[in-house]
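Asks: Now for the letters of each chain:
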Amino acid sequence: MKIFKILALLLTVVLISVPASAKYKFSLLTQVDTSNTFWQGIKRGMDDACDTLQVDCQLVFNQENGNLQMQLTNLEALVEQGIDGISLVIVEDNMFDEAVQNAIDAGIPVITTNVDDSEGAEGNARLAFVGQDLFQAGYELGKELSKSFPDGDTHVLLGLSAPGQSWAEARIGGVRKFMEEYKAANPGKKVTWDTIDSGLDTSVTGQRICAYVQGHPETTAYFDAGFWGAGAGNCLRDLGYKPNELLMGMFDLVDIVMDEMDEGYVHLTIDQQPYLQGYLPILQMYLMKEFGLSAWDVNTGKAFVYPSDVADVRKYIEMGVR
Amino acid sequence: MFNKNKIKSLLSRPEFSALAIFIFLIIVFTFLNDRFLNSRNFMVILSTYPELALVALGITILMISGEFDLSVGSVFAVSPIITMILIADYEVHYVVSILLGLLAAAFIGFVNAIVTIKFKIPSFIATLGMLFMARSIAVVISGGFPPSVPKDLPTDWLVGRVDMLRVSIFWLIGIALICNYMLKKTNFGSWIYATGENQEAAKDLGINTFRVKTTCFMICSVLAGFAGIIQSFRIKTVITSLGQGLELQAIASAVVGGASLMGGIGSAFGALIGTFLLSIIDNILILSRIDGNWFKFAVGALIVIAVILNTLTKNSADKIRLKDDD
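Chains W and R, in that order, are what the protein sequence lines are.
So the first sequence is numbered by this note's numbering: it starts at 1 and just counts up by one.
So the second sequence is numbered by this note's numbering: it starts at 1 and just counts up by one.
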């Protein structure tokens, strides 16, 4: 009986601590679990927007990383509850079509964030997308880093962090598209590339990159679909690689990327500004509900960050907004 | 007769097939890729090896006692996050911080043991719950953004370089030798095997199986936490996703190294061999330029082959024994 009393007391404390009901309730659904560092930046943006607008928000993480059925079930439950607005990530083109249509039919605005249906508005009834054009970002990453490719033959390693997941396929697909164009534009050079499953863990990815480049020392550059490639800095130094000897380009701003930029082992990263991906969907849904305005697309991810930008960017990273 | 006994003894060792596959792959790949068997490649493999092997070692000891721990990947993150928060935010001495990080890991192991043994819940379920809880704790206590590893933190004693190797490999060797001694030469080691093989019979023999299993759970968690601290010191960063999915890799290493899912069988040497085999497989697939989309298939297939060979060699050893008995 004692344990029931304790549970009842805890429940009371929880209920008392729930804030008074806000005018609107919005939810943001992701396919990742809470341990994804990048998503903490999105959460920070969402929390700030909700504080500013005095609305009730919840970021619904998945219990199991990447379990899309779990995310779909959460979405359907929220639609059933009659929530005021939903923002979600769509990493699979067909799975969410019906549920999103049901939400729209029920008068619930839906805005995709971070990752969109690869066919955009053609493929899904969502009203707008706030995030990076992943394929284009990959293409731009390749194009920008290629300016530093040395003369002579070029061999590039592409790190597909999560084979089969649309965000990773799209980014690396963009880099690959650029490499095809680069090869066609440089008929006098031998231009080749390989794609590996680089993994979603800094240590694992680092080891795989180092294993590859020591086996294929002709490798000129490495492109990562995420930020995990920064984990290679450590073992590249162990292998005797000097700064700038292997060019590395990747995505997002996390500590280890900034550290390796300082060390000279990461040369370019693209910031997709996760804070905006949390903030803007909430703002848009609020404006739609409050003033009947319409949603609008925002490309949040065109910002190149070079080693010379690290000092400026660090202070924003420490604030949790980049 | 002498040769037959030798063969029987060799085949019946739990780590034999992993060792055989390991040697086979090394020979084949040395011919196929001239950059496989060179010191630089092994330097790459050995840099992460101690971290994985320590977790596999802990899992193996626990599996010998007849239990599982799916929370090791989360503990792998919790310990370094606690350690780094104490160092960076509270300016606690790094040795004390590490000890407190390991204490937290031991506590998680203790809770796993209590939930599993006292409430008679299968450890698979109890530690699955802890996998989620510990990962959540890692995120909550760090607010999603664990502090940076201080640049002046002394890390050489744990991960510094000694020529081609890292100091962490010596920590692994030392800990593995202690574990091997414990399993093979002490009463406690015998109690672990006895508990895993037949818990009721072990109780009848007067073995305190609760204490044995609780200690194994705690050893497993502490080794996972220590491995996480080593990795965070090596890569000089702590992120909340550290060690995600590591539990399956560690269990695979233990099983490939000959540990039985039913308990009572396994060895420290097997854990080391199993982990090394999986690391080598990963390395070979990268060097072979296996297409990214086929990578997990290849890793999975090789694990299955290793376990099948394990079973076949064990059956061969049993047949030789039966013939001898006839």
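Read the hints as simulated data drawn from the structure, not as lab findings.
One thing to keep in mind: the hints can contain errors.
Unchecked claim - Each pair of labels, with its calculated beta carbon distance range: (1) A121(W) with F110(R): 35 to 45 angstroms; (2) T192(W) with M182(R): 50 to 60 angstroms; (3) D97(W) with P122(R): 32 to 42 angstroms; (4) N38(R) with D309(W): 34 to 44 angstroms.
No residue lacks a Cβ here, since even glycine has one placed at the ideal position from N, Cα and C.
Asks: The structure should be examined with respect to each hint, and the outcome stated for every one.
Replies: Verification of the supplied hints:
1. A121(W) with F110(R): 35 to 45 angstroms: 54 angstroms, violated
2. T192(W) with M182(R): 50 to 60 angstroms: 51 angstroms, holds
3. D97(W) with P122(R): 32 to 42 angstroms: 39 angstroms, holds
4. N38(R) with D309(W): 34 to 44 angstroms: 38 angstroms, holds
Checked against the numbered hints above, the structure breaks only hint 1 and satisfies the rest.
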